[in-house]
Amino acid sequence: MKRTVRHLADGREIIYFDQPGAPDRVAEDTRDLPPVSAASEIRLDPLTGEWVAMAAHRQTRTYKPPADLCPLCPSKPGKPSEIPESDYDVVVFENRFPSFAEDVIGEPSTVDGLGLVQVRPGRGRCEVVCFTSDHDGAFSRLSPKQVRAVVDAWADRTAALSEVPGVEQVFPFENRGEEIGVTLSHPHGQIYGYPFVTPKTRRMLDVARAYQAEHGRPVLGDVLAAERKSGARVVASGEHWTAYVPPAARWPIEVHVVPHRQVPDIPALTDAERDDFAEVYLDVLRRCDALYDRPLPYIAAWHQAPVRRDRELGWLHLELFSVLRAKDKLKYLAGSESGMAVWVNDATPEQIAEKLRAAG
Numbered sequence: 001m002k003r004t005v006r007h008l009a010d011g012r013e014i015i016y017f018d019q020p021g022a023p024d025r026v027a028e029d030t031r032d033l034p035p036v037s038a039a040s041e042i043r044l045d046p047l048t049g050e051w052v053a054m055a056a057h058r059q060t061r062t063y064k065p066p067a068d069l070c071p072l073c074p075s076k077p078g079k080p081s082e083i084p085e086s087d088y089d090v091v092v093f094e095n096r097f098p099s100f101a102e103d104v105i106g107e108p109s110t111v112d113g114l115g116l117v118q119v120r121p122g123r124g125r126c127e128v129v130c131f132t133s134d135h136d137g138a139f140s141r142l143s144p145k146q147v148r149a150v151v152d153a154w155a156d157r158t159a160a161l162s163e164v165p166g167v168e169q170v171f172p173f174e175n176r177g178e179e180i181g182v183t184l185s186h187p188h189g190q191i192y193g194y195p196f197v198t199p200k201t202r203r204m205l206d207v208a209r210a211y212q213a214e215h216g217r218p219v220l221g222d223v224l225a226a227e228r229k230s231g232a233r234v235v236a237s238g239e240h241w242t243a244y245v246p247p248a249a250r251w252p253i254e255v256h257v258v259p260h261r262q263v264p265d266i267p268a269l270t271d272a273e274r275d276d277f278a279e280v281y282l283d284v285l286r287r288c289d290a291l292y293d294r295p296l297p298y299i300a301a302w303h304q305a306p307v308r309r310d311r312e313l314g315w316l317h318l319e320l321f322s323v324l325r326a327k328d329k330l331k332y333l334a335g336s337e338s339g340m341a342v343w344v345n346d347a348t349p350e351q352i353a354e355k356l357r358a359a360g
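Just so you know, we're using the numbering used here here: the sequence shown kicks off at 1 and counts up by one.
These are computed hints drawn from the structure, not numbers from a lab. Among the clues, some could well be false.
No farther apart than 30 Å at their CA atoms in a straight line, the calculated lysine-lysine pairs in the BS3-like style are these [said to hold, decoys possible]:
| hint | residue 1 | residue 2 |
| --- | --- | --- |
| 1 | 79 | 200 |
| 2 | 76 | 200 |
| 3 | 355 | 329 |
| 4 | 229 | 329 |
Derived Cβ-Cβ restraints for the label pairs, each shown as a range [claimed, not checked]:
| hint | residue 1 | residue 2 | range |
| --- | --- | --- | --- |
| 5 | 350 | 11 | 50 to 56 Å |
| 6 | 118 | 19 | 43 to 49 Å |
| 7 | 114 | 357 | 53 to 59 Å |
| 8 | 114 | 209 | 31 to 37 Å |
Small disclaimer: the values here were computed from a predicted structure and weren't measured. A virtual CB, placed ideally from N, CA and C, is assigned to each residue, including glycine.
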């Protein structure tokens, strides 16, 4: 990949990831932009021990602009965007409305100075990843070569954000569809560099640690082996990856895409593993879109090991899930799910897997 680092008018970093032979990226951002002002803070819930981010400045972020004013499309004469170039393969830039930022000011304190609820500056980093310059495209319609470019960009940014002072976990993800809450329809994802290890990752590490101590093996390795042996919930597979509906799936549509080798994060993947992921993941996405004969709204979330601890317990995998339980019906997180975090699924994992296999 050809990697070019530039800066936008307000000083934010933008990185182009291009196929060999692409033109040099020299376009300037001609917009008159004020400096980015992020005032994020994190507060520790004393009842759960979980950090909660406060980012009130995000209320003014761009919301469902018309297609001809999309800020993620390449710039055109008279219509400058977040990407100064007239085209691109894959591009990553710092979010103008970040939940976490490197230059947030402030010192650790407590709410009202009472010493009960810890408060810290929300220092970290948030980036936007544009998968293609085609506004009407989709990740599922990328070629394997294009997906491989995205994987390489994820790997590059995971390594870079892991070096940012204070970042404890790097989280690449994609939100797709209005039902998920997407406000920009251009095919894109984000990467968060959190200043803490997230609650879900902490819980998974605790389970992995206990299982390793009892059985001497990684829990996800045993789950993967069982799923491959059974095949009842396998949706797609390749030489290096298997995609399956987890046996305790929470969502109406849920698929885990897992490498056959334990690695902590995306940078640790080999070239062969990255290529195989592109093939297997595209297979999964195309089945998802065929399921209801419409683009499936989904969240695709990469689970990576923390940056500075428990890396030996981590096993990289991608979790894709959707709130769509029928072509025109949504799964709402109501009393049990939202109030008690006890999930009730309207379909069995075996039924979900069978539907996805048939959709191929």
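Checked hints:
1. 79 with 200: 41 Å, violated
2. 76 with 200: With Cα atoms ~42 Å apart, residue 76 and residue 200 exceed 30 Å; violated.
3. 355 with 329: Distance ~16 Å between residue 355 and residue 329 Cα, so the pair holds.
4. 229 with 329: 33 Å, violated
5. 350 with 11: 50 to 56 Å: Taking Cβ atoms as reference, residue 350 and residue 11 lie about 52 Å apart, which means the hint holds.
6. 118 with 19: 43 to 49 Å: At 47 Å between Cβs, range holds.
7. 114 with 357: 53 to 59 Å: 56 Å, holds
8. 114 with 209: 31 to 37 Å: Holds - the Cβ-Cβ distance for residue 114 and residue 209, about 34 Å, lies within 31 to 37 Å.
When each numbered hint is compared with the structure, violations occur for hints 1, 2, 4.
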